[in-house]
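Chain order of the listed sequences is A and B.
Take the first sequence: its letters are residues 1 to 304, numbered as in this note's numbering.
Take the second sequence: its letters are residues 1 to 329, numbered as in this note's numbering.
Don't read these hints as lab results, they were simulated from the structure.
A hint or two may mislead.
Unchecked claim - Straight-line alpha carbon distances no greater than 25 Å define the calculated PhoX-like cross-link-like pairs of lysine-lysine that follow:
| no. | chain 1 | residue 1 | chain 2 | residue 2 |
| --- | --- | --- | --- | --- |
| 1 | B | K43 | A | K115 |
| 2 | A | K89 | A | K242 |
| 3 | A | K242 | B | K43 |
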Amino acid sequence: MSVLTLFLIIFVLFVLIRIVPGNPFPVERMSAEMILQKRAELGLDKPILIQFVDYMSMLLQGSFGNGTSLYNGAPIKPIMMICLENSFKIGVLSILFGTAAGLFLGIIAALNRGKFLDGLCTVVSILGVCIPSYVFMIFLQYFFSYKISFFPYFFDASRFLFSSIMPALSLSLFAIATVARFTRNEMIEVMNSDYVKLAEAKGLYGFELMRKHVLRNALIPVVTVIAPLVVGLLTGAMVTEKIYGINGVGKLMVDAIAGEGVDYNYVLALSIVFSALYIGIMLLLDILYGIIDPRIRLTAKEAA
Amino acid sequence: MEKNYTPTADDFEFISDRDLSVDLNFASQGYWKGVAIHFFRSKLAVAGVIIVSLIILFAILAPIFSSYSYQEIVSVNSAAGKEIVAKSLPPQFGDGSAQNLFSDKTFLFGTDDMGRDLWTRTWQGARVSLIIAFVAILIDMIIGTSYGLISGYFGGHVDNILQRFIEIAGSIPTLVIISILAIFMEKGIGLVIVSLLLTEWIGMSKIARAECLKLKEREYVLASRTLGAGSFHIIFKQILPNTIGPIITQVMFSIPVAIFTEAFLSFVGVGIVLPQCSLGSLIEAGFNNITVLPYQILPPISVLALLMLGFNLIGDGFREALAPKIENM
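Please work from the sequences and hints to get the whole structure.
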């Protein structure tokens, strides 16, 4: 199903980009014959379906069509690999940190329900959800990098860990807030359930109870909120990369669409990568879901 | 004694003066009245309403009453007859304390690096952002709700096909949709609205469908059908009014998303183009000067944050009010 969806998406993207009005060649500088020749060279004179089959076969071999930018002839694949690596590292860092911190805050809040710590966590999560992450980002950068110049102002790939603290932290704020809020509510619900009361009545307490009965059940819905968060990271990355000057996929995409002219090859390649990542992550979370909750795995087996 | 005596109010009297307290939670009351009472009891929700109404009020009034227009470049002629532009001035209040040629002029938020009044521009930007959000979400609401209700009501093959379509449409990342749109359309308000239209309706339709699945088994729907009502009459006259609550909640949560999307698009440079302004484009302009002129980014970014906070608080309050939990009563 995922593969089919991805295939459909690539097809739609491809057709959309091929039928877009306009001409990728500078008409005033090229004669009609030159354009025709160039079109034949790039394979643009063939029917769209044939072009699509060609593109797909190249894609399966691991290259994106002709593999170069329309404007400066820069090869797509190596550039994209570097950018992907940067974005990926920061994305993973922030999602790991965000989830861990969010879980921690949520668990603390649920265990201290109604007390001061709970209130504090609620305020943090409301602010984190409501205030856009790039507001935080700009302020963090202004104070920690400019006013007291502790952290580097811009991202620097040679000092990866140190210079990615700020972007990853600001990217993860939304994740922290959402995860904390969700964890707290789920924990409270599970802690009031009959089976936890039963376990308590049987003499189970403390860490064992938390790990075996509460957390395991409370975490299932939390996994579902992580999925949209991962996706949000993609968009968040565009802003982060602009603010911290990171050479990443978000910046690449912005350059491709907001620059002088739209670079179709880049847009197509990046769109395919984004969609594939997105669908891949969804699939991964589905599998993760089954690992955490045996009921889902078992019913799925029965159905099959 | 008269046979047809009509009792008047004077015939009765209270047995005592004590307050007759009525239990608001359990007394019989209209649905919306109950929702309103619960809503206004939440302090956070009221704070949200106040924040949002103040910003809307300013967004409507400030550009009208300002002495400058939002694209006007303020300048004076100096003694030498040269035109001097009020570039990048910090906030000043027109009381003559500012040490510049514009000391008699008021710039509450200062001016930007082109010499335009930031007070006017901020509120004009808030206006543009709000208009975009409201228009986009309103259309989304109409499309999403109809789609979800039809899918949920008819079920079977119709539902299956419509849901597969949503599944595929929903697995295209927003970023990709925006990029493709950027190829087809001119940058500007239109691009922002269309990209919001294409992405936000899915959530709306999921909620409408879930509500519809719950409601279509109710007796009153059966009664209507028995009396010969057509499907579309049942969907839009019988079911739709009962799904309004959850849909409004979703709208309240979608508006900040829309405002944020606009700000984000304008910030990365595919949204609003100059001399038009929105909160996003103002933040972008301020960000470019943040180390030198930090006061330029403060007003738009605060308005953006407050606006999103306000709408989220209202949404939260509304959700609570629609489904009050026992513990909150």
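Evaluated hints:
Distance hint between K43/B and K115/A is fulfilled; the C-alpha atoms sit about 19 Å from each other, no more than 25 Å. For the hint linking K89/A to K242/A, the alpha-carbon distance of about 16 Å falls within 25 Å, and the restraint holds. The hinted pair formed by K242/A and K43/B fails the criterion: a straight-line CA distance of about 38 Å is larger than 25 Å.
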